[in-house]
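S.K.: In order, the protein sequence lines correspond to chains L and H.
The first sequence lines up with residues 18 to 530 when you count with our numbering.
The second sequence lines up with residues 3 to 151 when you count with our numbering.
In case anyone wonders, no lab produced these hints; they're calculated from the structure.
30 Å max Cα-Cα, derived BS3-like pairs, lysine-lysine:
{"no.": "1", "chain 1": "L", "residue 1": "Lys128", "chain 2": "H", "residue 2": "Lys127"}
{"no.": "2", "chain 1": "L", "residue 1": "Lys454", "chain 2": "H", "residue 2": "Lys137"}
{"no.": "3", "chain 1": "L", "residue 1": "Lys395", "chain 2": "L", "residue 2": "Lys177"}
{"no.": "4", "chain 1": "L", "residue 1": "Lys475", "chain 2": "H", "residue 2": "Lys137"}
{"no.": "5", "chain 1": "H", "residue 1": "Lys137", "chain 2": "L", "residue 2": "Lys394"}
{"no.": "6", "chain 1": "L", "residue 1": "Lys395", "chain 2": "H", "residue 2": "Lys137"}
{"no.": "7", "chain 1": "L", "residue 1": "Lys177", "chain 2": "H", "residue 2": "Lys40"}
{"no.": "8", "chain 1": "L", "residue 1": "Lys395", "chain 2": "L", "residue 2": "Lys454"}
{"no.": "9", "chain 1": "L", "residue 1": "Lys177", "chain 2": "H", "residue 2": "Lys127"}
{"no.": "10", "chain 1": "L", "residue 1": "Lys177", "chain 2": "L", "residue 2": "Lys394"}
{"no.": "11", "chain 1": "L", "residue 1": "Lys475", "chain 2": "H", "residue 2": "Lys127"}
{"no.": "12", "chain 1": "L", "residue 1": "Lys520", "chain 2": "L", "residue 2": "Lys293"}
{"no.": "13", "chain 1": "L", "residue 1": "Lys177", "chain 2": "H", "residue 2": "Lys137"}
{"no.": "14", "chain 1": "L", "residue 1": "Lys395", "chain 2": "H", "residue 2": "Lys127"}
{"no.": "15", "chain 1": "H", "residue 1": "Lys40", "chain 2": "H", "residue 2": "Lys127"}
{"no.": "16", "chain 1": "H", "residue 1": "Lys127", "chain 2": "L", "residue 2": "Lys454"}
{"no.": "17", "chain 1": "L", "residue 1": "Lys475", "chain 2": "L", "residue 2": "Lys177"}
One side of the interface only, derived from the structure: several residues of chain H facing chain L at Cβ under 7 Å:
{"no.": "18", "residue": "Leu45"}
{"no.": "19", "residue": "Val52"}
{"no.": "20", "residue": "Thr89"}
{"no.": "21", "residue": "Val93"}
{"no.": "22", "residue": "Thr97"}
{"no.": "23", "residue": "Leu104"}
{"no.": "24", "residue": "Arg107"}
Here are a few chain L residues that face chain H, going by a calculated C-beta distance under 10 Å:
{"no.": "25", "residue": "Phe157"}
{"no.": "26", "residue": "Tyr168"}
{"no.": "27", "residue": "Ala172"}
{"no.": "28", "residue": "Asp178"}
{"no.": "29", "residue": "Leu182"}
{"no.": "30", "residue": "Ser183"}
{"no.": "31", "residue": "Thr193"}
{"no.": "32", "residue": "Val200"}
{"no.": "33", "residue": "Ile201"}
{"no.": "34", "residue": "Tyr207"}
{"no.": "35", "residue": "Ile324"}
{"no.": "36", "residue": "Leu385"}
{"no.": "37", "residue": "Ala387"}
Heads up, the beta-carbon is just placed ideally off N, CA and C, and yes, glycines get one too.
If you want the building blocks of each chain, they are given just below.
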Amino acid sequence: MMALVENHAPILVILIPLLAAPLAMLFGNKGLAFLLSLAASVASFLLSVYLLLLVRDGTVLSYHIGGWAPPLGIEYRVDAANALVLLIVSALSAVVLPFARTSIATEIAEKHHTLFYACFMLCFTGLMGVTITGDAFNVFVFLEVSSLSTYVLVALGAEKDRRALSAAYDYLILGTIGATFFVIGLGLIYMATGTLNMVDLAERLSTMESNRTVRSAFAFIVIGLGLKLAIYPLHRWLPGAYTYAPSAVSAFLAATATKVAIYAVLRFMMSVFSIKFGFEQDTMTYIIFPFAIIAMFAASLIAVYQINVKRMLAYSSIAQIGYMLLGIALFSTTGLSATLVHLFNHAVTKGALFLAVGAIIFQIGSPLMANMAGMGKKMPWTSAAIVIGGLSLIGVPGTVGFVSKWVLLTAALENGLWPISLAIVLSSLIAVVYVWKFVELLYLAPIDESVAAAANAKEVSLSMLVPMWILVLVSVWFGFDAEFTVQVANQAADSLFNGGFLKDAVIVGGEGR
Amino acid sequence: MEFNFDLPFILGHLNYWLFVILMLTGLYIVVARGNLLKKIVGLNIFQVAVFMLYISMGKVAGGTAPILTGTAGEAYSNPLPHVLILTAIVVGIATTSLGLALIVRINETYGTIEEDEILEMDQQKGQSELDAINKAAAATDAQGAASKK
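Please model the complete structure; the sequences and the hints are all you need to start from.
M.R.: This is the structure:
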């Protein structure tokens with residue numbers, strides 16, 4: 018058993034949830050399906066922890082699928098950067114599932130519950146696969162596995178609000194355009210190099226800066242993935258999808274889907290295409306950098322005026338993606354480290370917030386802020402979670418949000434860009450406005466009697482409180498003890514920025530044929 | 003880099019020209035058409051363009067199918083892009099069928115598959131939510147003013 022884990026951990030992380038998906042459907046019993054999905058998520062989570070512990074000192078693991086050695090065979094390659102993302106995704110899945118079991122009861126027809134778990138597992142598999150693979154085309158396949166199941170998960174919200182359908186359709190169109198652009202990019206680099214293995218690609222591309230095919234491939238890949246991760250002007254699908262999806266799905270997607278896409282962009286920009294390329298640096302400075310700043314302000318401002326609390330959080334996500342892109346665009350190890358720390362911190366914070374908001378919606382049946390007035394007294398634990406999550410979103414000391422903003426500020430100052438650090442602080446102040454607006458409503462406004470359910474709304478059951486508070490406590494814990502996250506993020510940034518990913522890897526699971 | 007934009011150049015890159023034309027046609031349909039079904043058709047054309055890019059790049063002039071025949075020095079086409087695109091075709095089918103399923107559901111709930119009509123209905127719903135909130139707020143204000151008196 019131990020030998021199996023030691024030798025095949027990189028593939029088991031993917032294989033377990035992938036098998037859980039059809040099994041959950043075949044069992045046809047929602048209790049069994051839930052247990053199976055939870056077990057698969059927990060197993061993947063434990064394996065991710067194991068992988069992260071192996072690679073946190075800078076080693077790179079390489080797993081050859083089917084024993085076929087790369088570049089011919091498909092390789093799974095784990096370094097600190099993707100081990101961190103694997104951990105985020107699997108942890109969030111394991112935490113969100115127990116919440117989902119309760120919350121989907123009011124959101125999805127009972128006959129669809131097993132399908133929900135199957136789709137959830139497929140989405141989870143896809144996200145993990147994009148993260149762990151060391152083969153460029155494999156990224157596309159897993160990206161589509163996760164995206165297709167995400168469209169279904171979003172559309173499942175139609176039971177409560179039919180706008181979920183049009184949101185899912187929009188997401189499908191834009192997501193497919195993004196994925197197809199990505200494939201075009203892959204085709205072009207394959208044409209130029211004749212390989213698809215990332216390490217092999219990096220080696221062959223490093224001397225091809227002036228090649229036009231390579232340049233256009235870079236553009237296609239960045240725009241394609243940019244659509245998936247909702248870079249500011251390409252974010253049109255995100256608010257609708259997050260707003261109308263079932264609460265548990267919103268929490269899972271907001272915490273993981275865009276993070277994985279950001280990781281994929283990082284991997285292509287930093288590892289596959291050499292960071293020495295002049296056109297890549299120009300892309301950062303003249304395109305990603307300004308859009309990141311615009312996202313930080315514009316999306317935050319739009320969030321202030323939302324009446325639907327999930328839509329507010331969705332716009333806040335776009336703003337937070339701006340911070341992550343800013344870290345990338347600073348183009349330094351510290352900047353990247355800021356992005357990776359924020360990846361983890363924002364996943365925890367947004368996950369907690371979406372779960373807490375989902376709990377209130379579960380009780381009163383309305384996602385509108387006005388109907389949530391005065392819930393602070395009725396649902397003290399949930400509201401407290403929202404307060405702490407909100408503080409973390411703003412970046413108050415003692416929460417993880419502070420750690421990421423601190424590293425980001427350091428990175429900006431290191432590059433001598435003090436106006437940027439000013440912009441980071443100013444945009445955080447806008448976050449204060451929308452968070453306070455919601456908190457004030459929860460605690461200080463009189464209860465909205467027009468909502469029939471509100472009068473007898475009470476605290477949600479433990480099955481919802483526990484997942485929510487696990488994330489809240491994690492966000493406080495790593496707010497005080499940032500050493501672990503920052504250390505891993507530094508290691509990951511080093512691996513990405515200084516080519517650690519491309520070094521000789523430790524081969525697990527046999528040498529191959 | 004210097005190149006001549008002449009007939010041999012254009013004909014020599016014929017598959018790329020066709021790819022670009024098909025891709026842009028598909029993308030234009032997706033963006034410009036309001037009918038959800040036509041958007042899916044556009045998306046398909048867009049994806050087929052990519053299939054063509056991949057398939058034509060793997061073709062070697064005069065090459066046969068990549069089967070070992072024992073004849074030395076026989077040229078064969080690169081099978082890898084063809085296999086890759088097989089995966090992409092499967093993804094394309096999945097996307098299309100999911101898109102069509104969504105359209106069926108949209109037609110059932112909205113009664114239309116025209117994008118602007120759906121958008122209008124969604125906006126009306128949003129506006130009515132906003133109106134309800136404003137009305138409730140106004141009522142609370144009036145109540146507050148009355149109790150002050």
